[in-house]
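Undergrad: Given next are the chains, with one letter for each unit.
There are 4 protein chains.
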Amino acid sequence: MTSTAHDEARRILDGAPFIRDLGLRLESLGEGTCTTVLDLEERHLQQDGFVHAGVQATIADHTAGTAGATLIPAGRAVLSIEFKINLLRPARGERLVCRAKVLRAGKSVSVVESEVHAVEDGRERLVSKATVTLAIVPRPGKTKEGSA
Amino acid sequence: MTSTAHDEARRILDGAPFIRDLGLRLESLGEGTCTTVLDLEERHLQQDGFVHAGVQATIADHTAGTAGATLIPAGRAVLSIEFKINLLRPARGERLVCRAKVLRAGKSVSVVESEVHAVEDGRERLVSKATVTLAIVPRPGKTKEGSA
Amino acid sequence: MTSTAHDEARRILDGAPFIRDLGLRLESLGEGTCTTVLDLEERHLQQDGFVHAGVQATIADHTAGTAGATLIPAGRAVLSIEFKINLLRPARGERLVCRAKVLRAGKSVSVVESEVHAVEDGRERLVSKATVTLAIVPRPGKTKEGSA
Amino acid sequence: MTSTAHDEARRILDGAPFIRDLGLRLESLGEGTCTTVLDLEERHLQQDGFVHAGVQATIADHTAGTAGATLIPAGRAVLSIEFKINLLRPARGERLVCRAKVLRAGKSVSVVESEVHAVEDGRERLVSKATVTLAIVPRPGKTKEGSA
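Chains as they are written, first to last, in the numbering used here: chain U, 1 to 148; chain X, 1 to 148; chain L, 1 to 148; chain V, 1 to 148.
The following block holds chain U by itself, in its conformation from the complex (with noise of 0.2 Å):
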């Protein structure tokens, strides 16, 4: 992983707005992996109680990107195309931990895998998996805006 890599790495973890007011924080960054965590708040359940599909979608997609980010070239940016979530069981605990690995670095595409786990009373149990279709564009703000 390059400098320039952890920096963009880092600028989609703290410079999105979104994933700020989440509540995602950074646990480690590695050569195409990512793990983040989230302590679960009331405000992120569903009505039975259960986390949303939407807090596990956002982190699985958000954690992929950033996984992502470290294996393009300076310049470069990740833009998510599409992603497939399964929903593998209800979620709730403590807080979900996010772990992100790169299945294939490309030059234009990358496809990455999130695995999210529930922790609930120090147990970590599998609640789902997504993978997640990235386009490697040019940063936006450095050259001119590419549209895939």
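You may find that some hints are simply not true.
Partner residues are not named here, just some residues of chain V that face chain X (Cβ under 7 Å, in silico) [claimed, not checked]:
| no. | residue |
| --- | --- |
| 1 | I81 |
| 2 | E82 |
| 3 | V109 |
| 4 | T133 |
Rather than coming from a laboratory, the hints here were simulated on the basis of the structure.
All values derive from a computational prediction rather than experimental measurement.
Yeah, the Cβ is synthetic: ideal placement off N, Cα and C, and Gly gets one too.
Fit chains X, L and V to the known structure of chain U by using the hints.
TA: Below, chains X, L and V without anything else, positioned relative to chain U:
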């Protein structure tokens, strides 16, 4: 749409803390359809000023669930088991409008499509499209909790 | 649709051994659309007498690629980077009809939807629906091979 | 794996005409796992000489269903309700090896992942990865047909 189905659809929308916190509001509800609106704020954005994919995924999933809930029997509830979303264009503007429509209503599984449109300067553009698979399960709290 | 795009769409359909072997034939080709037909035989079925999901996926993907190819510039080709298919009902009958339509045509990525219908006793029913993401790449053999 | 589950897994593999026609053969079967092999022929290819996405999707789906069937009770069967596949690299070589593994085995829904590898000159490379959602339904012919 029975009044029971309507009740369940309203319960989903009004009773989910994450949806209230996001600011999503109901526009209309029909037989197997639902339309919601989100007035965009800075906190909904990602690092480059576009609406975060997680926001789009959340409203696509939730509006789909509400549409699906209009077609289920009394005492049942819907649970997202998986969804896939394609992010077609960078999303920005004053608000998002999400229209969900049931593609296939089954006894135990339903499939719903959601289209998310961004409204900018009064002009509406399709920004993402999702396919959501719902399990039809016993309504939590009414009977013992069922796990799919 | 330029005649070049039409050429590429025909090349895809006529030039793919697996598609010829399957028996898929072109019904019509338009601007961003394609319709194909498969006359069903016993060899297309799974263990319970329904059309195999793999047959439906193959024609959904291929018809989508052909629809996408009608909107690309000369010298370019399409390549499926991912797709998702929902199998809505058991499929059986005399033939399958697949209609694909481009949802979003981009410079480097296009998104196409395919609907697969089964025709049984003259009655047509939607049996599956797919969303296909295509990369727009240099046409193989015309320039050096590009990897996405 | 009970011998009943093993029976159902074998029935799926041996009893599906499309799978026999394709040439897919069983390599091994475990508790929630299945490995299959396809010796590649010219008829499995697309227009540019690579293995058709439909072939990869077919074996990913079918191997996933077989893996899922190893974990179900007697009298039940699996039915794919949806799957998503990412095509990571152009696939070519002597054969494909597909390894499926159950991610979550539920009472009514299971989720299975399949990895497809291409073997070229004895070297194995991951070419696609799929996530398959299965419904667990009454076994057709044993009880009245159930529709999900």
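Undergrad: Closer than 7 Å between Cβ atoms is the bar; does V:T133 clear it against chain X? Give me holds or violated.
TA: Interface hint status for V:T133: holds (6 Å vs cutoff 7 Å).
Undergrad: Any CB of chain X closer than 7 Å to the CB of V:E82?
TA: Hint on V:E82: holds, closest Cβ of chain X at ~6 Å, below 7 Å.
Undergrad: Could you check if V:V109 really has its C-beta closer than 7 Å to a C-beta on chain X?
TA: OK, holds: V:V109 within 7 Å of chain X, min 5 Å.
Undergrad: Using the nearest Cβ pair, does V:I81 come within less than 7 Å of chain X?
TA: Interface hint status for V:I81: holds (6 Å vs cutoff 7 Å).
This entry satisfies every hint, going by the numbered hints stated previously.
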